[in-house]
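Heads up: the sequence lines are chains P and R, in that order.
Numbering that gives the first Met the number 0 numbers the first residue of the first sequence as 0 and each following residue consecutively.
Numbering that gives the first Met the number 0 numbers the first residue of the second sequence as 0 and each following residue consecutively.
Bear in mind the hints are in silico, worked out from the structure with no lab data behind them.
Take the hints with a grain of salt, since some may be wrong.
[Claimed, not checked] Covered stretches of chain P, as calculated for chain R (at least 3 residues, CB under 8 Å):
{"hint": "1", "segment": "2-10"}
{"hint": "2", "segment": "244-255"}
{"hint": "3", "segment": "267-277"}
{"hint": "4", "segment": "298-305"}
[Claimed, not checked] Here are the simulated lysine-lysine pairs, DSSO-like style, with alpha carbons at most 27 Å apart:
{"hint": "5", "chain 1": "R", "residue 1": "K270", "chain 2": "P", "residue 2": "K319"}
{"hint": "6", "chain 1": "R", "residue 1": "K292", "chain 2": "R", "residue 2": "K241"}
{"hint": "7", "chain 1": "P", "residue 1": "K143", "chain 2": "R", "residue 2": "K292"}
{"hint": "8", "chain 1": "R", "residue 1": "K377", "chain 2": "P", "residue 2": "K2"}
{"hint": "9", "chain 1": "R", "residue 1": "K21", "chain 2": "R", "residue 2": "K152"}
{"hint": "10", "chain 1": "R", "residue 1": "K38", "chain 2": "R", "residue 2": "K128"}
Glycine included, each C-beta is placed from N, C-alpha and C at the ideal position.
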Amino acid sequence: MTKEEIWAERYRPKILDEVVGQDDIIERLKSYVESKNLPHMLFSGPAGVGKTTSAIALAKELFGEAWTNNFTELNASDERGINVVRSQIKNFSRTAPLGDASFKIIFLDEADALTTDAQNALRRTMERFSATCRFILSCNYSSKIIEPIQSRCAVYRFKPISDAAIEKRIRNIASIEKLNVTEDGLGAIEYVAMGDMRRAINILQSAAVLSDQIDAEAIYKIAAMARPIEINELVELAMKGDFMGARDKLDLLLIEQGLSGEDVITQIHRAIMDFGGISEKLRVQLLDKIGEIDFRLTEGAHERIQLEALIAHLVLAGAKE
Amino acid sequence: MMTAWTEKYRPETLSDIIGNDKAVTELKKWAENWGIDKKAAILYGPPGIGKTSAAYALANDMAWETIELNASEQRTAAVIQKIAGSAAQTGTFFGGASGRRLIILDEADNIYGNVDQGGVKAITELIKKTNQPIVLIANGYYDMSKTLRWACKPIQFRDVQSRSIIPLLLRICHNEGIDCDDKAIELIGTRAGDVRSAINDLQAIAQGRKKIHIEDVVTGIRDTKESIFDVMKEIFKGSDPKRALYASYSLDENPEDFIHWIDENLPLEYKGDDLAKGFESLSRSDVFLGRVKRRQNYGLWKYAGEMMTCGVQAAKSKKHHGYVAYKPPTIWKKMGQAKSVRVVRDSIATKIGKHCHVSQRYARSELIPFLKSILKKKESAIGVSAMLDLNQNEIAFLLGTSVDSTIQSIHDAAQKRITQATEHSIETFGGGF
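With the hints as constraints, model all of the structure from the sequences given.
Printed below as a string of structure tokens:
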């Protein structure tokens, strides 16, 4: 194994006790380890708050050395269709658990990416294999998971991680990596991370590439760069009145980088939030327009046309400013 | 807004269909006996001679409801089952269990290729299981798969002779209050080649006229085959919404494709306020296209068409002069060119996704930009390349350059590190025993 280069992975908690900011949930999970039994579970909550980490740590503590044999991780948004998920689940559950475990764990990430039909199929799969397997489903919104699955699971709602917990962790990593993060730098990390630990650590690592002295200014600069650079360029070109230039950036994002229209508009939304040099009145007006286009993305047929309409609007706004 | 005459004068009953008496009789017999034999019917023959019209007229005569599955929508097995399956196995709302629905599958010889995966099979299944009559419409009989042909009764439609078309054109002129030379009508009827084109030509020539002379036809015919560039000129430069709309009718493009032409060229013509308003219309048009797609409601196509022609035309605040060289849509070309880049990008996203326990989508939108930022340090570039076992193309993608000596040296150093790490772990492993 080569060295772990990504800090968010290097400092990913290995045991349940290291998981921060979810104390009540961790207590419950530890009690499952003691009793060596587990219900099906649904972990819901935003990105970067410890859902996957907790599931892996739980498996390690339950199964010890044999954890990799008894734990599998699937991502519902990657696997094409429920049939793939089902056949992988079948193959995994076919063999007996290793060590003194009496079951295996299947961790299905982004379960809310499954359609209702697929979730119904999953429900039957869960039932068929429940003698040998426990399911941990993870999702951003539990409301997107059908009721019959929810009722078969113990539901755990992961909260965004508190600023205090993020600060503590960042201080800890900074001292190991020999970085000097100023107080306002810490505040800036908390501000841009919005309770997402992975985002906080990624930003710290990006900033460390530039300098080992890290202050608020550096963080805000990095935060803007943490989104695809084309997003900022797109917004800037549009506000300067260069529609064609902005459209080329849009094509890069949609076609080459493969972002979905939804991803692009989320990023533009953030960029407009951070964009300097416009009046607050105009910002609000732009946010309203972004909301409208976001809605039309789901109603329309072509993402590119909807986003171009937004760019044309930015061009107009830029000219009036 | 006026409607297209081809729609306005679409025959309502089978007896109004011109020409093709034999086919019409066969079709009628098929419908009357439907139930004893549950075979579907295939109406095949050249375009514009009344196949689709016959299917609708039949439903009208039989007092059946209709459901149409058009080729413009991707006809995957899932779509076909969803739209037609429910219709095929249950009764109708008004007619109860005894009420029939005629399922019309237009362009049935077009259900091939990747987009329609499973489509042929689903249709064959549907024909076997159905409790409702199904009509398939196609140009080429032998373009359809054997299984499909065997499951259906073929009914051939042939070219309609101009002597049958001319009376129809006369009737339309009369109805529209247009005075037309016999010679002019004859020319329109003989030149067009089929009924639909003849009606389209007549409408295009009659636009803005109360009287049609032979000279109008001789010169006017050219306009009926308006090129896509002329239509765009009408939209971007013109100010008569009807002309823009009609011009778009004569095109051999459906709104789904035509919108890309307007989209490509709109920013070349309009600026500032006009551009924003033009795109607002296009955005609305696209919403209608989305609704057509999702609800299979092709009736909404006309609003999409109107928004992208009349809407865009009306968005300008002043007349735009000057010549603009219009371009065909670049979007398809760009997608083709970007294919190899996308392959590289997706393989990186897969590697990151596995390593960081996230989906490929999250890796693409959140973690690739992050990795790009930390790869600026050569030491990190080597480390990350070794950790994820990246190839040269992947490293170049993340650094935003093409493969050169720098990329090669990073790759070599990374591979060396992987080898060392493997040797090291074998040593520790061996030492332990």
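Verification of the supplied hints:
1. 2-10: holds (count 6)
2. 244-255: That given contact holds, which follows from 4 residues of the segment 244-255 of chain P lying within Cβ reach (below 8 Å) of chain R.
3. 267-277: Contact hint for the segment 267-277 of chain P vs chain R: violated, 0 residues under 8 Å.
4. 298-305: Per the Cβ count (7), the hint holds.
5. R:K270 with P:K319: Measuring from Cα to Cα gives roughly 13 Å; hence the hint holds.
6. R:K292 with R:K241: Holds. R:K292 to R:K241 sits at ~26 Å (cutoff 27 Å).
7. P:K143 with R:K292: Measuring from Cα to Cα gives roughly 24 Å; hence the hint holds.
8. R:K377 with P:K2: 15 Å, holds
9. R:K21 with R:K152: 14 Å, holds
10. R:K38 with R:K128: 10 Å, holds
Figure legend: structure checked against the earlier numbered hints; the only hint not met is number 3.
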